[in-house]
Structures are given as structure tokens and as C-alpha cells.
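S.K.: One letter stands for each residue in the lines below.
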Amino acid sequence: MTKTKSKLSKRQRSENRWGWFLISPMVIKVLIFVVIPTFYCLFVSFTDYNILAVGQKFTKFTLDSYREVLHSTDFWRSMYNTVYLMISLPIRLILGFFIAYLLNNGAVRCKGFFRVVYYIPAVSSVVAVALVWKWFFNTDGVFNEIFGTDLAWLIDPAVVKNSLIIKTVWGGFGSTMLMYFAGMQNISEDLYEAADIDGAGGFIKMTKIALPLLRPITLYLLVTGISGGLNAFADNYTMVSGSASSTAVFWIYGQFIGGNYPLVGAASFILTLFVVAFSIPQYRKMVKDN
Amino acid sequence: MKKRDTIISNRAIKARNIAFGTLTYAVLIVIAIATVFPFLYMFFSGFKSSEEIRQFSDVFYLIPKQFSTWGYEKLFSFNPNQFSFIRGFLNTLLVEAAFIFVGLYVGVATAYGFAVIDFKGRNAVLIACLIGPPFVVTLMPQYAMFSKLGLVGTFWPLVIPHFFGTMGVVFYLERYMKSLPPALFEAATVDGIGHFGKIFKIAFPLSKPAVIVQVVFTFLGIWNNLLESDIYLTRVQDKTLQVMLMGLNNAVQSGRASDQPIIMAAATLSSLPVLILYLLSQKYIVNAMAGAAVKG
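Sequence lines, in order, name chains X and P.
So that you can map any letter, position 275 of the first sequence is 275 in my numbering, and since no number is skipped, the others follow by simple counting.
So that you can map any letter, position 16 of the second sequence is 16 in my numbering, and since no number is skipped, the others follow by simple counting.
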């Protein structure tokens, strides 16, 4: 009896060793590239430490950079822009849902073709695509020619954020559509037939059957969309030269390039608080799943 | 309900369905065109000549009146210290190689470790790895680290993280491998096959759909990486293709519309590799994306 027990635990010990051995690259990576940097960033944010200056040590602990960020109108404007640009999220959800619903109609053929096409923007070269859109938005570019407008799409501070929203919707509706479509495939035909017998029209079926049943997907898209939106950066980086649409991350990036490291640290953590707050449902699901 | 009523209502439903079907197709096709329109524009504009653009600068049209390779010729005779498609492409491939030849296999082994081996501390580590701060938090410290190691200006800061496997590969494959029947691995254990045998003879081949998805997405992520490529690669000729493309745009487009074909030619060339990759793997990619929310 005791023999089998020790044999089992020996096997378990070997499994423990193998497990840790195999996951060690990821553990090391997370320690070196995430955990230590996070604490380092936190540390720098409370100092006046210029991390790159040779031979310089920090002189004091201070809350100055937090004070500076919290009092910076530029930072809060960039936070406002970040939230404003997230208007694209509900548009993407509605458009994706609507298209998925149309596509889910049993009579539509070439479903596969449409799904592949709608997802192309999400899997293309970012800068190449940005350059084309930049040209669309140019003052003597395509949009002004087609619509007969005279807008400075990417320059006018009152317009630029809306222009970026248009581009984001174009690039992002494909993935929401794919997910809603997959969810709709799981909805039983019987429900729609029952609604038909009750004389319900397409709109009623869409809003009273599909929408409530797909709530988990909507929730998932909202949570991932918000945390993605809080990290928004690339469109400003590739397309816009002014600061009128600057997002929080883009503002922080600017401070980083400018060498204002304690400020980068403080602003990063203030942004992190928001990301964490909106990611709580995701964390909870993750803990539950594991 | 009487039988006749049913027939009539069926007929009405059928007529309504046909009208609805036509409208559905119209909407779907219009949206499909709007989706690919920027790519069509990119492709065709690359074949316009500078002359043609100057001449018709006020009107919009898509297809060149006369196909010209002017943009491509200009592109390949560009000052290579400012833009070189070949250089940029090879620079990007260098980083991709670190993933394809090292990171992928390390990632597969790690995923197996998490998914198949039941060891103490597994769940805690898994969750700790998944909860990461936004990327701006680690940007500055990582830069400081590579700077102090004297590696800024080299490819190492871009390549080294891939030696440890990537989050995407590990945690996507972890979920996939968990869904493989455990009996397979138990049988292999009985046959005396070790863990490495089980990883590369059982788990890896059986996870093929998931591996393809992650190879494509990781390839795309590296292809589209802007920030790290920009801050760590300091010399213009070392930049990855996408960053070089931004530089080309700044160098060429001093507001002159007539130089647009050069940029669009470069954009087209830099889009082709990932577009082809997507079209080849679309079956797996589309299904994987679709499943993301359903499975959670």
C-alpha cells in the first residue's frame, strides 16, 4: 500500500517537474517582459528619474508626475478622444449584427464568400491600408471628389475623430459580423418558425429572438472592444499629423519619445486603472474557466 | 386553420421572401464592394502615371485610362537609403523567422505543458500570465532594459521576445489541446512515449487547424508591428517594411498628388503577402474568429 502511494507521488513529482520545465519559457518571458517592467514603471512614476541618462540616479520620491498628468488638459483631452473614438464600437456591433442577420437567411448563397470578403480589412497591412485612407481623406482626395464636399477630413479638429471612426468601422465590422453569425447558427430554426406562425416580421424576429439570445456575444464584444479602444494608437500614428484626435496611448507615446519618463509611468498607470475596471468581467470569466 | 388559408399565406410568405432575398443580396453586395474598395483603389492607382493623375486631378475614377508601370519603376529606383522594398521585406522576414523557426515550437511545447500535464501551480501561473497590463506600461521599461544592454539599433529587441513563444500561440493552443481526447496521451504514455514525443508526434499534428490560425495571426502581428520596429530600429535601412512604408509616404508625398502611384505601388506590394496568406488560410481563420466569442 505504502509502496503504490510513494510510486504515485513519484510520478506526480515527475509530472510537476515536466510541467514547470515546459512552461518555463513563458514564465521567464512574463517575468522579464511584463512583471518586472510593470513594477519598474510603477517605481519610475513615483520618482524624477531619467532612466536613460547615464550615471544619473534619481534624487527623490515624488508625486509630481501624477499631479502633472492629472492637471494636464492635454492628457484629459486625449482621454476624451479615446472615449469619443469608441463610438465606433456600437456602430461596429450594430452593423456586424445586421449583416450577420442578413447573411444567416437560409436563402442567401455564397455565405462563405461574403464572410471571407468582410474580414479582409482586419487581416491586411496596416500602413498600406492607412495610406489609402489617408488619400481618401485628403483635401483633394477621393471622398471630397465623390461626395462633392470640401472637408479637411484629417486636419480639421472638428472632423478628424469622425473620420477615424469611419475607418475603424470599416476595419472592424468583419469580426463582429463573424462572431454574431456563428452565434446565429446555433439558434434553432424552430424559434423563427414559431414566430412566423405568430405573424412576427423580420424586424421583430431580429430584435426579439436573435438579439437576446446573442447577449453573451454582445457582452464579449463590448468588453474586448472597450479594452481595445482604451489601447487605441495605430490610426493616429499612421494617419494623423495633428493632435486633435490624439488618444491616451498616443499621448503617452509622445511623452515617451520626448523623454519624459516619470510622466509616462504615471499616465500609464492612470490608464491601466480604466482598463482594469472595464476588464473585470473578462478576468472573472478567465478565473472561472480555469 | 383551413388548408386553403395555409396555402395562401405560404404563397404570400414566398413572395415576401423573394423580395426580401433580392434586397438582402443588394445590401450584402454593396457592403462587400465598400469593403474591398480601398484595396481596388490601391491596386489601380499604382498603375496610373503621374501624367494621368495631373491631368484628371479633379474627377474621381478607379481604373487607369492607360495602365502604366511608372509608379513601380519609380519605386524600385528610389534612393535605397530612404526606401527599399526588398530591404524592408527582408527585415520583416528576419523577425518572422524568429517566430517560425523558434517561437512556434517553444509555444507549442508550452501550450502542451499547460494543457496536458496536470501539475501543481498550473492554474495560478496560467491566470497570472493572462492578466497583463496595457502595453504602454511595459514600453518604457523594456526600452530602458534594451538600451542598457546596448541593443537599441539592433534586431535583438524585436527577435528575443519570440524565442520564448508568444502569448497568442500558447494560450490559443492551450485551449485547443485541452479539447483533444486525454486517452490519446494516456495511450502514448503506456507505449512508453515521452513528453517530447507526445508534443511533436501527437499534440502538434492534431492541433493543425489551431496552429495554422496562430501562425497566420502571429505572422500578421509581426508584419504589422509598428511601435517596436520604429523605436528599436534606428537606421532607415533596418526598418521593417510597414515602418519603411510610412517613411516613404513622408519622403514622397510633400502634398503632391502626382506622386501617388509610387505610394500605391508600394502599398500594393506590401499588402500582397498577407493577403495571399489570408486567402490560403481563410477557411481556418474565418472559423476561428467566428468561434472566439461562442467559446468565449
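These are calculated hints, taken from the structure and not from any lab test.
Incorrect hints may have been included.
[Stated by the list, open to error] Using 25 Å as the maximum straight-line C-alpha spacing, the simulated DSS-like pairs for lysine-lysine come out as follows:
1. Lys288/X x Lys120/P
2. Lys14/P x Lys208/X
3. Lys208/X x Lys111/X
4. Lys285/X x Lys178/P
5. Lys57/X x Lys201/P
6. Lys283/P x Lys178/P
7. Lys205/X x Lys111/X
8. Lys201/P x Lys205/X
9. Lys178/P x Lys148/P
10. Lys288/X x Lys178/P
11. Lys283/P x Lys111/X
12. Lys198/P x Lys10/X
13. Lys120/P x Lys208/P
14. Lys201/P x Lys60/X
15. Lys201/P x Lys285/X
16. Lys148/P x Lys120/P
17. Lys10/X x Lys14/P
18. Lys198/P x Lys208/P
19. Lys283/P x Lys208/P
20. Lys148/P x Lys111/X
[To be verified] Restraint-style ranges between C-beta atoms, simulated for each label pair:
21. Arg284/X x Lys283/P: 28 to 36 Å
22. Phe43/X x Lys283/P: 46 to 54 Å
23. Arg11/X x Ala128/P: 23 to 31 Å
24. Phe60/P x Pro90/X: 27 to 35 Å
Built from N, CA and C at the ideal position, the CB exists for glycine as well.
S.K.: Honestly, which of those hints from before does the structure not fit?
M.R.: Violated: hints 5, 8, 9, 13, 14, 15, 16, 17 and 20.
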